Amino acid sequence: MARDRRRDDPAGQQRHGLIGTLLEPANAIVQSIVQEVAPVVVAAVDVDGVVQQIDIQQIVDRIDIQQIVDKIDIEAIVNRIDIQSVVEGLDLQTIIEHVDIGKVLESVDLNEVLERVDLDRLLDRIDVNKLVVRLDPNVIVVMLNLLLPQLDLNAVVARLDFDTVIDKIDVNAIVARVDVDSLVQRTEIGAIVAGASAGVAGEVLDSVRSAGVGLDSFVQRWVDRILRRQPSMRPSGPALLVGEQHGDLS
Amino acid sequence: MTVRVKPERDINLQGHYAGIVTRLAAFALDVAVAVTLYALAGRVIEYVMSSLKGSEVSLRDHPIISAIFLALLWLVYFAYPIAVGGRTLGMSFVGLEVVTKTGGDVDARHAVIRTIFLPFSIAFAGIGILIILINRDRRAFHDLVAGTAVVYSWDARAARLRFLAKSRPDGLPPSGA
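Chains A and B, in that order, give the protein sequences. Heads up, the first sequence is in our numbering, so the first residue is 1 and it goes up one at a time. Heads up, the second sequence is in our numbering, so the first residue is 1001 and it goes up one at a time.
Think of the hints as simulated: they come from the structure by calculation, not from any bench. Computed from a predicted structure; not experimentally measured. Even glycine gets a Cβ: it sits at the ideal position worked out from N, Cα and C. The reader is advised that the hints may include incorrect statements.
[Said to hold, decoys possible] Only part of the chain B face toward chain A is listed, based on derived beta-carbon distances under 8 angstroms:
1. Gly1015
2. Ala1018
3. Gly1019
4. Ile1020
5. Gly1095
6. Gly1103
7. Asp1137
8. Val1151
[Unchecked claim] Which chain B residues face chain A? A few, computed with CB under 7 angstroms, are given here:
9. Asp1061
10. Ile1064
11. Ala1067
12. Pro1081
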């Protein structure tokens, strides 16, 4: 309001014009003095000494870096970067040539990497049939030759479920393909069959012999009891016929 | 009464020392056969001698000749089949075989010595036979002298097949029966 009053006041306008007239030469004088003096003053100031006296660390400590970072619009910066042109400008070949793969691999703990790998899932995704079909048969043979000596086949066989395997075999089909006549001629099956089909006389003999063996065992058991002798301590037969076996099986 | 055959046990017992029951049974059969043969052969000899002489000849009247004949028959009957096949007729029936004490095949020497000393086992109340019960390897006196042993030996596999054929679960008659 006071200003408005001054603007409207013609006497004030006259006073302002007078001071302005006085100030303009004064400014010019001051400016010329500064121009003359400033270089001399600047040259006289020891800037290094001043800088050394400033505690930069204290200044840095007082700056709230996090606040500054928060104010930066990273997304806007990234959006302005042309990643494609950056990548195109890279000489990847040269970078790769400078990388020491050996050192990289040495620093990698493969055990830890492998522990993290889900082998089951990995193997599930591999089509082994396709893989094998693509392999050169000679390569397969070489691989098998290398692999087989290291395999514990006994352990493999021990893990096989033979009952399941046998269940899947059609024994009747196999027997149907057997040349029985040739088998009888070439083996002692014929003699066994002939001996086995001796009829009633054979059955009588079997009974007599079996009964005799039973009676022998019965008598010997009682004798061993009377003599307080362990049957297992007796030799079961001559060495050539029963080996080192001891004791009766009866 | 049917005797229960145990084929698996019998197969496992092949080559084992035979007991006193089977050995006595085999011996009894052999004695019966030998006596029968002696009687038959005696009749034949008497008939031949009577024909040659023109008068009736009886071995009873010649005890020395009769004894020599019996001894020869005994020796031939027991020693020859054992030397050739390891068993007499009675042993074949019961399923026994004479082997050396180590289990090998017997030869003529073993067979003859064994046959000669067999009567000594029977003498003195059969003590030579009864030691089968006491002896760990079930050898009689004549076995000890001759270095032989008697073991179970028959085709137990064929017996097992016969047993299996007889007890077929499908009810069909056994083949060859």
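Verification of the supplied hints:
no.	hint	verdict
1	Gly1015	holds (3 angstroms)
2	Ala1018	holds (7 angstroms)
3	Gly1019	holds (3 angstroms)
4	Ile1020	holds (6 angstroms)
5	Gly1095	holds (4 angstroms)
6	Gly1103	holds (3 angstroms)
7	Asp1137	holds (6 angstroms)
8	Val1151	holds (6 angstroms)
9	Asp1061	violated (40 angstroms)
10	Ile1064	violated (38 angstroms)
11	Ala1067	violated (33 angstroms)
12	Pro1081	violated (18 angstroms)
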